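Enquirer: Numbering (the UniProt record's numbering), first residue to last: 1 to 126.
No wet-lab data here; the hints were simulated from the structure.
Treat each hint with caution, since some may be false.
Derived DSS-like pairs: lysine-lysine, alpha-carbon spacing no greater than 25 Å straight-line [what the hints assert, rightly or not]: (1) Lys25 <-> Lys39; (2) Lys39 <-> Lys52; (3) Lys89 <-> Lys104; (4) Lys68 <-> Lys89; (5) Lys39 <-> Lys63; (6) Lys32 <-> Lys54; (7) Lys52 <-> Lys32; (8) Lys25 <-> Lys37; (9) Lys35 <-> Lys25; (10) Lys63 <-> Lys52.
Just so you know, these numbers come straight off a predicted model, no measurement behind them.
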Amino acid sequence: MEFIKEPLIVACDSNPNMLRPRPAKSPEAEFKQRKNKDKIELLRREIVQRPKRKAGILMYAAKSSVWKGIASRQRRERERALSSNEELKRRLIEQQLLAISLSKLLSERVSLPVPPPTTGTAVVNP
């Protein structure tokens, strides 16, 4: 029975220098490599977070426009209510003046002397 060697194993078997350990990296090279890995990880996180942030900004903008609409409607209702109140106050003053005039008219009428009876009617004094 013959073993079939995989190409990688065959390459290693044919070249014994490939099995030697890697040379030790300098601390600066390790620092640069670690720094690059950290940058890559940070960028990956930012890419993942970006759609969430955009969604948050859009949600904030949507909420803002909703509140602007509510505030605008409330402002219109307030202006309409103030206008209506002014009209009602004006009508109240007119009615008060009319009531005062009618009261004066009635008090003048009561204080007027009773006219003498006209002919054809008899006044009986009890």
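Enquirer: Taking 25 Å as the top limit, are the C-alpha atoms of Lys25 and Lys37 close enough?
Expert: The given pair, whose Cα atoms are some 16 Å apart, holds under the 25 Å limit.
Enquirer: Does Lys25 lie within 25 Å of Lys35 when you go C-alpha to C-alpha?
Expert: holds, 15 Å
Enquirer: Can you confirm whether the C-alpha distance between Lys32 and Lys54 stays at or below 25 Å?
Expert: violated, 32 Å
Enquirer: Between Lys63 and Lys52, is the straight-line Cα distance small enough, at 25 Å or below?
Expert: holds, 16 Å
Enquirer: Between Lys39 and Lys63, does the CA-CA distance stay at or below 25 Å?
Expert: Roughly 34 Å separates the two Cα atoms, so the pair is violated.
Enquirer: Run the distance test for Lys89 versus Lys104: straight-line Cα separation, threshold 25 Å.
Expert: holds, 23 Å
Enquirer: Given the hint that Lys68 pairs with Lys89, does the C-alpha gap stay at or below 25 Å?
Expert: violated, 31 Å
Enquirer: Would you check the hint for Lys52 and Lys32, treating anything up to 25 Å between C-alpha atoms as holding?
Expert: With Cα atoms ~31 Å apart, Lys52 and Lys32 exceed 25 Å; violated.
Enquirer: Would the pair Lys25 and Lys39 pass a check requiring their Cα atoms to be no farther apart than 25 Å?
Expert: Given that 25 Å is the threshold and the Cα spacing comes to 20 Å, the pair holds.
Enquirer: Do the alpha carbons of Lys39 and Lys52 lie within 25 Å of each other, as the hint requires?
Expert: holds, 20 Å
The earlier numbered hints that this structure contradicts are 4, 5, 6, 7.
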